[in-house]
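Same order as they appear, the protein sequences are chains A and B. Per the UniProt record's numbering, residue 1 is the first one in the first sequence, and the count goes up by one each step. Per the UniProt record's numbering, residue 1 is the first one in the second sequence, and the count goes up by one each step.
What the hints contain is simulated information worked out from the structure, not anything from laboratory work. Each hint should be verified, as a subset may be incorrect.
To be verified - Distance ranges between label pairs, derived from CB positions:
no.: 1; chain 1: B; residue 1: Phe37; chain 2: A; residue 2: Ala392; range: 38 to 44 Å
no.: 2; chain 1: A; residue 1: Lys328; chain 2: B; residue 2: Phe345; range: 36 to 42 Å
no.: 3; chain 1: B; residue 1: Gly191; chain 2: A; residue 2: Lys102; range: 22 to 28 Å
As the list claims (entries may be wrong) - Going by beta-carbon spacing under 8 Å, a handful of chain A positions derived as facing chain B:
no.: 4; residue: Gln54
no.: 5; residue: Thr87
no.: 6; residue: Thr89
no.: 7; residue: Ser90
no.: 8; residue: Gly108
no.: 9; residue: Glu126
no.: 10; residue: Lys127
no.: 11; residue: Ala147
no.: 12; residue: Glu151
no.: 13; residue: Asn308
Ideal placement from N, C-alpha and C gives every residue a C-beta, glycine not left out.
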Amino acid sequence: MSNSKLTRRGLIKTGAVAGAAGLALPTYLRADGHAGFLNAPAGSTVTLGFNVPQSGPYADEGADELRAYELAVEHLNGEGDGGMMNTFTSKALKGNGILGKKVEYVTGDTQTKSDAARASAKSMIEKDGAIMITGGSSSGVAVAVQALCQEAGVIFMAGLTHSNDTTGKDRRANGFRHFFNSYMSGAALAPVLANAYGTDRKAYHLTADYNWGYTTEEAVKTSTEAMGWETVNAVKTPLTQTDFSSYIAPVLQSGADTLVLNHYGGNMVNSLTNAVQFGLRDKQVNGKDFQIIVPLYSRLMAKGAGANVKGIFGSTNWHWSLQDEGSKAFVKSFGTKYGFPPSQAAHTCYVQALLYADAVERAGSFNPCAVVEALEGFEFDGMGNGKTLYRADDHQCFKDVLVVKGKENPSSEFDLLEVVEVTPVEQVTYAPDHPQFAGGSLGTCNPGA
Amino acid sequence: MGLNKRDVTLLVIVAILCLFAPFILNPFPEGSAMAQFNAGYPDLMQRLVIFGIFAIGFNILFGLTGYLSFGHAAFLGVGSYAAIWMMKLLTMNVIPAIIISVLVAGLFSLLVGWISLRRSGIYFSILTLAFAQMSYSLAYSVLTPITGGETGLQPKVNDPRILDGALAEGQTPRANLFGLQMNQSYEMAVGDWVFTFNAGYYLAAIVMLIAFYISIRIFRSPFGMMLRAVKSNQQRLNYTGLNAKPYTLAAFVISGMYAGLAGGLLVAMDTQVGAERMFWTASGEVVLMTILGGAGTLIGPVLGAGFIKYMENIVSKINKSILEQWFAFMPDGIEDLLVTLVYPFIGKGWHLTLGILFMLVVIFLPGGLVEGGQRVGRLFKRKKPAGDKPDGKTTPAE
């Protein structure tokens with residue numbers, strides 16, 4: 001039982017005592033620049049808030065995210081084998097916590113609901129004195145929590161969020177996203193699709209009826225139309241739909257020869273299974289084989305859809321079979337601890353935790369504004385995605401994007417996707433005021449106090 | 001104030017509880033192992049009183065008329081959306097936002113009630129549930145331009161806010177009451193304890209006291225008597241030549257306005273609206289709160305709301321490493337066993353704990369927590385209970 005868990009309140013008490021005695025703040029506080037912002041860690045520990053879905057549709061991803069965070073905390077505190085800290089190009093982290101303070105954490109359940117996620121994040125900030133909030137598995141939650149962190153004055157390191165809006169129209173100065181986005185998926189997929197399926201395809205979109213679906217549909221549509229495809233129709237499907245047969249039947253009548261499924265999670269598993277069961281993939285339309293595309297893939301989805309994913313193209317942020325040093329180190333330490341390879345959600349969360357810690361080390365302060373400054377325009381490598389840039393204009397990471405395909409002959413239950421192409425970062429880079437991202441402004445960083 | 005002595009006492013007790021909530025909810029010193037159970041931080045205190053208002057309103061409909069609405073979250077959501085739009089378009093001051101949320105929710109409940117109240121019993125419940133789910137789906141996808149869909153709505157720097165002056169550079173719009181920001185807090189350190197006094201909480205608490213007072217007046221009024229008559233025997237009421245519908249519709253609209261008020265306050269405290277707060281589980285939650293606390297009693301719904309929100313926010317945050325800390329003093333084998341046994345009931349398992357407690361309460365204390373309190377009270381009084389009290393305070397849930 002630790003009785004030294006000091007928080008923002010601890011600091012205030014210290015301040016009150018010092019004030020009452022007519023003294024200035026103790027010098028070690030001033031020297032470290034540890035005052036003047038919300039939840040400044042005053043003791044020998046620092047508290048991070050891991051806000052992940054533990055119930056609801058993305059509970060699997062949330063569980064994997066939490067595993068990754070626990071691993072990251074271990075590595076930051078100098079336990080375990082260090083994982084990606086050994087391959088990370090920035091060597092500021094020494095394995096003695098962050099700025100010498102031992103990393104502790106609190107966890108919360110976002111329930112994949114923005115209200116619940118905000119309530120959970122607020123209690124971490126107000127009660128537990130968390131200096132940084134990270135995690136989440138949907139864009140709605142990411143946007144909601146990001147706005148909260150901006151208001152409260154702590155850093156938000158987004159988890160799995162793919163919608164353009166997170167670093168587009170809803171971007172915030174205190175929020176950072178390592179994961180890729182809809183635009184990048186479209187830009188990476190289009191050339192590969194042109195190679196594989198030609199440039200005169202007629203595409204039919206089925207889109208989950210919420211923000212992420214809209215931005216993904218728009219991104220894929222724009223990129224594929226730019227290379228000559230025609231979009232025949234785009235139909236919205238309710239998020240709660242589990243049987244897509246009524247949506248799939250009209251696809252063949254439309255004269256389309258390609259089906260794009262802008263679905264994620266259980267939606268995608270069901271719609272793809274339905275499409276395959278309807279025999280779409282055995283059909284010939286316009287003299288071409290009918291094809292199906294899934295813009296955003298994850299291993300957990302591939303697992304759910306089983307044999308149906310074979311040969312189907314999609315994009316992903318990271319895959320455990322990558323052979324660079326960073327990925328290998330991460331897969332090794334994750335596999336040693338938990339017995340199976342990490343998902344892309346786990347990867348992005350682990351990297352985000354390390355990036356935050358590294359930024360604090362380099363800035364020499366936990367002050368959110370100093371951290372923002374350290375992360376903006378930060379270039380690094382060795383985290384599994386090759387050379388990566390945290391762009392200052394919108395706090396989005398720019399890195400290579402993986403185009404993957406369902407494996408024909410999987411060798412294990414984890415070996416479901418094969419990497420078809422690593423799309424270089426130049427090809428997925430866009431201007432900060434690109435029409436798909438317009439309408440937002442970062443504002444200025446908020447240190448909270 | 002038009003109250004009898006008992007009610008004044010009750011109101012004063014509630015007022016004192018609200019006033020001293022920062023002390024009462026923070027009984028454990030900072031840094032101690034029990035600090036985990038402290039609930040005296042602004043966000044949770046605000047939620048406790050706001051959902052208290054929601055449950056008080058729901059109780060006016062369910063507790064008095066017996067009509068079980070399964071769609072009250074829709075009114076809360078509509079109120080929230082109205083409030084956030086008021087903040088985006090007019091001013092970040094919370095007063096117009098709260099007023100408009102009550103009005104819009106009132107209008108919406110008039111529409112829903114007018115249609116749903118043609119039926120009673122299970123048909124009424126299903127109709128309200130259908131309306132609420134419809135509102136949720138609309139807000140989540142079809143009405144995305146108005147509701148923000150999945151992402152929800154938040155005030156942005158470039159909103160019009162025609163009554164407010166321009167923001168200073170680098171400022172974000174914040175909800176305030178004539179300049180007093182809702183998230184402003186004063187912290188008092190006494191020894192190892194830290195008590196937080198939050199502006200938003202006290203605003204919400206004052207509103208709750210007013211809502212509670214109005215609820216007492218409704219319970220004690222002839223109108224309230226009519227509503228009870230509807231509950232006890234609507235048929236007989238009809239045979240005496242009275243049309244019950246205006247009464248039930250009025251009760252429905254009043255409770256809808258309470259829900260809207262709660263929605264507006266939620267936005268005032270935390271400027272974000274998501275469609276999930278209209279989901280049917282949110283409607284079910286207020287039913288749970290009311291029954292858990294004691295339907296038909298004055299204070300019951302507030303207790304129920306507090307109980308559920310406490311569970312949701314405190315128990316759900318206990319994770320495995322905290323459990324391991326608690327049981328660390330035990331021998332290894334027993335520690336692991338205890339952790340394994342307790343683990344399913346904490347963290348994400350808080351629903352399970354809540355479910356079990358709810359079942360226990362319904363089976364053994366049909367009158368809810370209020371009945372539990374009365375039984376304990378009787379134990380100490382050592383005299384026979386005073387029989388049926390006419391004020392409805394002991395009326396069990398039906």
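Right, here's what the structure says about each hint:
no.: 1; hint: Phe37(B) / Ala392(A): 38 to 44 Å; result: holds, 43 Å
no.: 2; hint: Lys328(A) / Phe345(B): 36 to 42 Å; result: holds, 39 Å
no.: 3; hint: Gly191(B) / Lys102(A): 22 to 28 Å; result: holds, 26 Å
no.: 4; hint: Gln54; result: holds, 4 Å
no.: 5; hint: Thr87; result: violated, 28 Å
no.: 6; hint: Thr89; result: violated, 31 Å
no.: 7; hint: Ser90; result: violated, 28 Å
no.: 8; hint: Gly108; result: holds, 6 Å
no.: 9; hint: Glu126; result: holds, 4 Å
no.: 10; hint: Lys127; result: holds, 4 Å
no.: 11; hint: Ala147; result: holds, 5 Å
no.: 12; hint: Glu151; result: holds, 6 Å
no.: 13; hint: Asn308; result: violated, 26 Å
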